[in-house]
Amino acid sequence: MNIWEIFVNYYDYFLRGTRTTILISLITVFFGFLLGCLIALLRLSKNRLLRGFAGIYITVLRGTPLLVQLYIVYYQLDFIPFPKTTVLDVALDRALPCAIALSMNSAAYVAEVIRAGIQAVDIGQTEAARSLGMTGGQTMLRIILPQAIKNILPAIGNEFVTMIKETSVIQYLGVSDLMYNNGIAASGTYNPLPCYYISGIIYLILNLVAGKGVSIFERRLKRSDR
Amino acid sequence: MTDNGVLIETKGLKKNFGELEVLKGIDVQIKKGEVVVVIGPSGSGKSTFLRCLNRLEEPTGGSVIFEGQDICAAGVDLNALRQKMGMVFQQFNLFNHLTILENITIGPMLVKKESQAEAEQTAMRLLGRIGLADKAKEYPSRLSGGQKQRIAIVRALAMGPDVMLFDEPTSALDPEMVGEVLSVMQDLAEEGRTMVVVTHEMGFAQKVASRVLFMDEGQILEEGTPDQIFNHPRSPRTKDFLSKVLDVI
Ligand SMILES: Nc1ncnc2c1ncn2[C@@H]1O[C@H](COP(=O)(O)OP(=O)(O)O)[C@@H](O)[C@H]1O
Ligand SMILES: [Mg+2]
Chain E
316 MNIWEIFVNY
326 YDYFLRGTRT
336 TILISLITVF
346 FGFLLGCLIA
356 LLRLSKNRLL
366 RGFAGIYITV
376 LRGTPLLVQL
386 YIVYYQLDFI
396 PFPKTTVLDV
406 ALDRALPCAI
416 ALSMNSAAYV
426 AEVIRAGIQA
436 VDIGQTEAAR
446 SLGMTGGQTM
456 LRIILPQAIK
466 NILPAIGNEF
476 VTMIKETSVI
486 QYLGVSDLMY
496 NNGIAASGTY
506 NPLPCYYISG
516 IIYLILNLVA
526 GKGVSIFERR
536 LKRSDR
Chain L
386 MTDNGVLIET
396 KGLKKNFGEL
406 EVLKGIDVQI
416 KKGEVVVVIG
426 PSGSGKSTFL
436 RCLNRLEEPT
446 GGSVIFEGQD
456 ICAAGVDLNA
466 LRQKMGMVFQ
476 QFNLFNHLTI
486 LENITIGPML
496 VKKESQAEAE
506 QTAMRLLGRI
516 GLADKAKEYP
526 SRLSGGQKQR
536 IAIVRALAMG
546 PDVMLFDEPT
556 SALDPEMVGE
566 VLSVMQDLAE
576 EGRTMVVVTH
586 EMGFAQKVAS
596 RVLFMDEGQI
606 LEEGTPDQIF
616 NHPRSPRTKD
626 FLSKVLDVI
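Just so you know, the sequences run in chain order E and L.
If you count the first sequence from 1, you need to add 315 to reach the working numbering.
If you count the second sequence from 1, you need to add 385 to reach the working numbering.
Only chain E is shown next, with the shape it has when bound in the complex (with noise of 0.2 angstroms):
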């Protein structure tokens, strides 16, 4: 069979297995945001322990491979009962141990970039709210994060596009993402190759597509600047 034969077959695999990594993709995307928001909170805040343990937290999840990861915390949870149920063609209780291994990872790059975001916003930009009588809270909320939020969506813009690549690890958890699926198609065919390239061009579109939504979400945003 050649590349389009396969493709005939088998596209419904792959179809699936894109909706799969999107799904996945959005999921992660969407709690690694949140968590990292936290996790920047605490990387920033003025009690010590909480700062050591988001810095600790940073390092090791940017320090070791998300597949290292996604076993840990498959193994580390298995006390927790997930659903046995198939949502969409995923198993949730395989899915789900994934989407945190995903999230907590994703977080530990969203947290640096706001921790940097933050950061690079002027230090006599607190020091006049401040000295006007603003809360320490005031200020991070209308003076400091407004100004951060231009450097920080652009780079976690970018953190997503690389989340939808990153995903693909799931396979080896039997979550049946475009990789899994790419599997089923090799082994049917015998013909690992094209099946290959077929998913390579879907990332690479899935990829393309979430860069233009970012590269149009900035310019909204830099239109909106004053």
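Worth double-checking, as some hints may not be accurate.
Unchecked claim - Simulated pairs of lysine-lysine, DSS-like, Cα-Cα distance not exceeding 27 angstroms:
1) E/Lys527 with E/Lys537
2) L/Lys469 with L/Lys520
3) L/Lys396 with L/Lys409
4) L/Lys399 with E/Lys361
5) E/Lys537 with L/Lys409
6) L/Lys469 with L/Lys416
7) L/Lys592 with L/Lys629
8) L/Lys399 with L/Lys592
9) L/Lys497 with L/Lys520
10) L/Lys417 with L/Lys629
11) L/Lys592 with L/Lys416
12) E/Lys537 with L/Lys399
13) E/Lys465 with L/Lys520
14) E/Lys480 with E/Lys527
15) L/Lys624 with E/Lys465
To be clear, the hints were calculated from the coordinates, so they are not data collected in a lab.
For this one, chain E is given, so just place chain L with the ligands on it according to the hints.
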């Protein structure tokens, strides 16, 4: 405020940065309505002194009493005290993401809970005074340095402070813009506002100061009226410093 009209008093004020002793025990009284100008060589601790007055720097020792309250005492409402001490920075520090009007109203609205209408009315009146009412809707990036600094002064004034602290307000300005800022400050002085001004503008000090402090190596080495300091300095260090800065002018 205490009966003798003292607004701010520092007693043995000390500040270290690690091993470095930047303030070595400063005793100063600033009375209501006084314009106190602080001069001295670069690195002598002038900014640190000023920043200790509203606790932007945490004093290492001694005390700062503002309107009868020790600003370092436990449980003191620092934010309430700070709104009564306007501060103007060398680098202006206008809020870049806010319009000029918003820069001026955000303090009164957030901190003093003024209504927007009320805060904007005050802001427009103050902007009118410095001839920049037409800039209300502009963003800081569109203004010249001199305009930014005048706005920064107005931003502090909008809080209705009892004292204004200036840290080298004209040092980051192109020479042709120094005058417009100094003239606003002179107006404030003539209104009887209490001001503490760190500056290298000796002309301003001579004309406007009620008292001049000469600071060197973390200590007040000499203080007196402008006439005493500029025309009859006692300490050789003061003489030396003045000969250098007055030479340049
Ligand atoms: N945050 C800081 N950390 C460490 N050293 C500082 C800090 N701020 C000021 N200093 C040091 O304190 C001394 C006095 O500084 P400063 O008060 O800015 O002097 P001035 O305003 O008279 O030029 C300088 O030697 C300066 O390097
Ligand atoms: Mg200074």
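Going down the list of hints, with the structure as the test:
1. With a C-alpha separation of about 15 angstroms, the suggested pairing of E/Lys527 with E/Lys537 holds against the 27 angstroms cut-off.
2. Pair hint L/Lys469 plus L/Lys520 holds up; C-alpha atoms about 26 angstroms apart against a cutoff of 27 angstroms.
3. For the suggested pair L/Lys396 and L/Lys409, the alpha carbons sit about 11 angstroms apart, so the restraint of at most 27 angstroms is met.
4. With a CA separation close to 24 angstroms, the supplied pair L/Lys399 and E/Lys361 stays within the 27 angstroms bound.
5. Taking the CA atoms of E/Lys537 and L/Lys409, the gap is about 49 angstroms. The hint is violated against a cut of 27 angstroms.
6. Of the supplied pair hints, the one linking L/Lys469 and L/Lys416 holds, its CA atoms being roughly 15 angstroms apart against a limit of 27 angstroms.
7. For the suggested pair L/Lys592 and L/Lys629, the alpha carbons sit about 19 angstroms apart, so the restraint of at most 27 angstroms is met.
8. Taken as a hint, the L/Lys399 and L/Lys592 pair is broken in the structure, with Cα atoms around 30 angstroms apart against an allowance of 27 angstroms.
9. Of the pairs offered as hints, the one joining L/Lys497 and L/Lys520 holds, with about 24 angstroms between alpha carbons and a cut-off of 27 angstroms not exceeded.
10. Proposed proximity of L/Lys417 and L/Lys629 is contradicted: the alpha carbons are some 32 angstroms apart, above 27 angstroms.
11. Proposed proximity of L/Lys592 and L/Lys416 is supported: the alpha carbons are some 19 angstroms apart, at most 27 angstroms.
12. The hinted pair formed by E/Lys537 and L/Lys399 fails the criterion: a straight-line CA distance of about 46 angstroms is larger than 27 angstroms.
13. For the hint linking E/Lys465 to L/Lys520, the alpha-carbon distance of about 24 angstroms falls within 27 angstroms, and the restraint holds.
14. Taking the CA atoms of E/Lys480 and E/Lys527, the gap is near 16 angstroms; set against the 27 angstroms cutoff, the hint holds.
15. Distance restraint check for L/Lys624 and E/Lys465: the Cα-Cα separation of roughly 51 angstroms exceeds the 27 angstroms cut-off, and the hinted pair is therefore not satisfied.
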